[in-house]
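*Asks:* In my numbering, the protein residues as written are 26 to 364.
A few of these clues could be false.
[Stated by the list, open to error] With a straight-line Cα cutoff of 25 Å, these simulated DSS-like cross-link-like pairs (lysine-lysine) come out:
| # | residue 1 | residue 2 |
| --- | --- | --- |
| 1 | Lys325 | Lys67 |
| 2 | Lys355 | Lys217 |
| 3 | Lys217 | Lys325 |
| 4 | Lys217 | Lys68 |
[Claimed, not checked] Across the chosen pairs, the derived CB separations fall in these ranges:
| # | residue 1 | residue 2 | range |
| --- | --- | --- | --- |
| 5 | Val332 | Ala231 | 43 to 49 Å |
| 6 | Pro80 | Leu119 | 22 to 28 Å |
| 7 | Phe299 | Leu180 | 32 to 38 Å |
| 8 | Val332 | Phe272 | 41 to 47 Å |
| 9 | Val81 | Phe299 | 19 to 25 Å |
| 10 | Arg220 | Phe324 | 32 to 38 Å |
| 11 | Trp223 | Val81 | 24 to 30 Å |
| 12 | Leu269 | Arg220 | 34 to 40 Å |
| 13 | Leu269 | Asp32 | 50 to 56 Å |
| 14 | Ser326 | Phe272 | 45 to 51 Å |
Please keep in mind that the hints were generated in silico from the structure rather than gathered at the bench.
Everything numeric in this text was worked out from a predicted model, so none of it was measured.
Where a beta carbon is used, it is the ideal one built from N, C-alpha and C, also for glycine.
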Amino acid sequence: MDFASLDLTVAWAILLATAIFIYVALDGFDLGLGILYPFFPKKADRDLVMNSVAPVWDGNETWLVLGGGGLFAAFPLAYAILMPALYAPVIAMLLALVFRGVAFEFRWRTVRWRPAWDWAFIVGSTMAAFCQGVALGAILQGVTVVGRSYGGGWLDWLTPFSVVTGAAVVSGYALLGATWLNMKLLGEPQLKARRLAWRFALATVAFIVIVSLFTPYLDAAYSERWFAWPNILYAAPVPVVVALLTFALFRAIHIHEHDKWPFLIALALFLVTFFGLGISMWPYVIPTSVTIHEAAAPFKSQLFMFVGAAVLLPIILAYTGYSYWVFRGKLDPEKGGYH
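Throw the hints in and build the complete structure from the sequences for me.
*Replies:* Spelled out as structure tokens, the structure:
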């Protein structure tokens, strides 16, 4: 095989997009549990919520490390530009994840301070989700690039659009969390999770519509990708599939016998919207200033790292899948553990 003929830049872009989506899918419902925590005020219910994700929650964040590290290694120019532009939301997100992780462990070890750690878990989860959405909105609306560096200000990321995308991610993660709890719980906690899934499904779909309507008008390049011929042939199926998945999601939530389907359909909805995001951004890593090829590391560096990723990724996927398989099934509300 002639490795020089391979476009490793595209391969790395696909790999990073895959890692980011897996992170959103896994840590999304994980963060969603913290967002939903105030709706479960009883200690027994909160213990169930925690136990539903306790065996896997720390492994979910592995993919965030891969996404950030992969961006630094494979697209160093993009990393050098985006980090200064997003210092505030990124630092806030990392601090929120730290407080959330500490709260997850410490709330079990104290009675007096448990309410404080519960609120740290709620605030940390919500803030992390919101900051991720704000960062996404800031990237979509454009980053000021001067030469090969960031040329904007400290607060350029803060706009009405980025605030809306932040709220959208919070709502979407809450939907994933509610459908996860619907799949894992029994009795009254499950019914509450199902009701919450219905509400956050409505909110998430509304946010999808709002963001989708505004995104094409952020930049002429977005509008061209969505509405110009022949791009419209590739873009048109996205809203149709979103509409079909929305119908399927509400139907699955309504049919109580199918506990797994709401969660799986919610993941599919995230995947389709993620694909729509790719349509808007491609081939830019910083819309609409820097393409993936302009930001890419040298070919030999990409090849060296890609070989390592090809070895490690199957291992990570294997142990992640195995951990979810071991802890499959419902939680026993009487014992607080798995059946």
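*Asks:* Next, verify each hint and record whether it holds.
*Replies:* Consistency of the hints with the structure:
1. Lys325 x Lys67: 56 Å, violated
2. Lys355 x Lys217: Judged against 25 Å, a Cα distance of about 15 Å means the pair holds.
3. Lys217 x Lys325: 53 Å, violated
4. Lys217 x Lys68: 15 Å, holds
5. Val332 x Ala231: 43 to 49 Å: 44 Å, holds
6. Pro80 x Leu119: 22 to 28 Å: Given range 22 to 28 Å: holds, Cβ gap about 24 Å.
7. Phe299 x Leu180: 32 to 38 Å: 27 Å, violated
8. Val332 x Phe272: 41 to 47 Å: 44 Å Cβ-Cβ, so the 41 to 47 Å window holds.
9. Val81 x Phe299: 19 to 25 Å: Because 21 Å falls inside the window, the suggested range holds.
10. Arg220 x Phe324: 32 to 38 Å: 53 Å, violated
11. Trp223 x Val81: 24 to 30 Å: 25 Å, holds
12. Leu269 x Arg220: 34 to 40 Å: 24 Å, violated
13. Leu269 x Asp32: 50 to 56 Å: 33 Å, violated
14. Ser326 x Phe272: 45 to 51 Å: For Phe272 against Ser326, whose Cβ atoms are near 46 Å apart, the range 45 to 51 Å holds.
The structure does not agree with the numbered hints 1, 3, 7, 10, 12, 13 stated previously, though it agrees with the rest.
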